[in-house]
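Novice: The chain contents come next:
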Amino acid sequence: MAPRAFNNFFAKHYKKHPFFLQVFLFLFPFVFFPLIDKNIYHIDLMTNVGIYVLLAMGLNVVVGFAGLLNLGYAAFFAIGAYTYALLNIHWGISFWIGLPLAGLLSMFFGLVIGIPSMRVRGDYLAITTLGFGEIIRIAFNNLDAWTGGPNGLLGIDRPAIGPWRFSVNPTPYFYLALFLVAVTAYLLFRMSDSKIGRALVAIREDELAASCMGIPTLKVKLYAFGLSSFIAGVAGALFASKQTIITPDSFDFVLSVLILAMVVLGGMGNIWGSALGALVLGVLPEVLRGFASYRMLIFGIIVILMMSFRPQGILGGQLIRRELNSRHKEAGDAAS
Amino acid sequence: MAPQVELFLQQLLNGLTIGMVYALIALGYTMVYGVIQLINFAHGDVFMVGAYLALSVIWLFMSFLPGASFLVMLLAVFILSMLGAALLGGAIEKIAYKPLRHSPKLTALITSIGVSFFLQNAVMLLVGSREQGVPEVVPTTRFNLGAFSFSLIQLIIFATALSLMFFLTWFVKSTKLGKAMRASSENMDAALLMGISVNRVIRATFAIGSALAAVGGALFCMYYGSINFHDGYLAGLKAFTAAVFGGIGSIPGAMLGGILLGVFEALGAGYISSEWKDVFAFLLLGAVLLFKPSGILGENLPEKV
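If you read the sequences in order, they're chains A and B. In this text, residue positions in the first sequence follow our numbering: the first is 3, and each later residue adds one. In this text, residue positions in the second sequence follow our numbering: the first is 130, and each later residue adds one.
By construction, these hints were calculated from the structure, which means they are not laboratory data. Just so you know, not all the hints are guaranteed correct.
Pairs of lysine-lysine, DSS-like flavour, derived with a Cα cap of 27 angstroms [as the list claims (entries may be wrong)]:
hint, chain 1, residue 1, chain 2, residue 2
1, B, K223, A, K221
2, A, K197, B, K234
3, A, K221, B, K421
Quick caveat, the model's predicted, so the values are computed rather than measured.
Work the whole structure out from these sequences, hints included.
Specialist: Next comes the structure, spelled out in structure tokens:
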């Protein structure tokens, strides 16, 4: 009767804490990764994948849940990275305080951009964020006195726990990234199952109907945008502390598109989908070493083909599939 | 003439010149948006491909017909790059956007980013990632009006862009296809019921927009003397800003928006800082969205439901 008892135990606890168990089951195996594969280079790669997963999950909130397009996502990542770097270099603020501050400042910028562009029309947001991404990159490039210009900032402190400080060894970073991914995934699952998560999906499906149901659409969209920027800022701080050197070049449009491709590939609106997309596109370049120069070309083709043949992505759910595949939409939908 | 006035006029002229190029690109954005409400991100890259086509034609002329008069060469450059870009635009529409005609906007928008990425990297793999120099085909004659002077290439840009704009205005207003375009952008379903082949109209819109962008690309690469595979991205972004500034969906709006944006940018670069030149366009975009989202000449349509 042992399996039965296990099943009962599992069913009971899954019902009670479905997201906690899901996150645990999916991410716990990764705890063993550095123990099995001792190649430092591979651990470093997986740490970067962890940062990509954070970014893809964050972008998914806006693109997948709310159906809005953010094309300057790298800018929020950059703001997070520079916030922590500047706070640390000028005032010696530690990583653990810099991390939430980076998220908050990034969120602030997200709201500043989001308010004017979302007031008008959804697809303007795409272009405003794209312009914002350029402004941020040019600003970091030109404000030499603050940001070191094209040379960037160097000598950013690594995180420390008590007297023990992280070193070049990527393993602690790997666990830190894994931890942040787990926390983010858990919170996003909770969010997607909450009133706000459902409101977001309702807006994505039919904004007019949602607002008729009494959903404050602008507020909810801004909430999603702010949350998404916050996650990017946190990922940026982690990135800055890991690299210890940041330059404006690391945050260009290509990165924004890369993250978008991850979200699209995994499945818009699916939290594990974003993680899977980030894992695939993060590891792919290593697998396809010989095709390095074709990488970006292949990303472009992946995005086009996915949109034509499987717009819901690898792990896309029923709901988003129905929505994205609908051939015979009401006339109103095409016009809105 | 006082030197300040001279500087101002010179900056104004530079701004008008580049504004003409922005206007030519912006027309493609605004026409496509008018018909299928898609922000076609790949349009800037079509412009870049047009510039490379122009460069190829110039090379062909240089190697096979070195004695040809520059006017003949210019004509060939325009016609061939327009044809090539029109084919490319039509092909992009057929392969990438047509299957998504009834999908949500976000799907097509993401596809257009994929197309843009594809074009950029395909060109990069074909010709390499470094800046390509464009041979000087237009004589560097300068005309002087008092202290104020302009070059022959600037004159050519003005003449070409303005005549194409007049032609386009006539085309959209008076020809059958132009009328079909306007009808389709007004109400696609009604146009379909009136027997207009909407698919053909959309393909033609893409082709015409791409051809105009290619002329812009040809002029751009001859004016600056160089072209790079990612030039299309920034130029496209600015042209889109111009289209929004003028009122997206409006053809005269795109022309006016492009020209004004060019002037705004040149004056900003001349009087404030040339390092921040690229930022002005985006700040303008933000301001337009904040204060007059319908643009200068755009109709203030409430969002259709």
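Novice: Each hint: holds or not?
Specialist: Cross-check of the supplied hints:
no.	hint	verdict
1	K223(B) <-> K221(A)	violated, 38 angstroms
2	K197(A) <-> K234(B)	holds, 25 angstroms
3	K221(A) <-> K421(B)	holds, 22 angstroms
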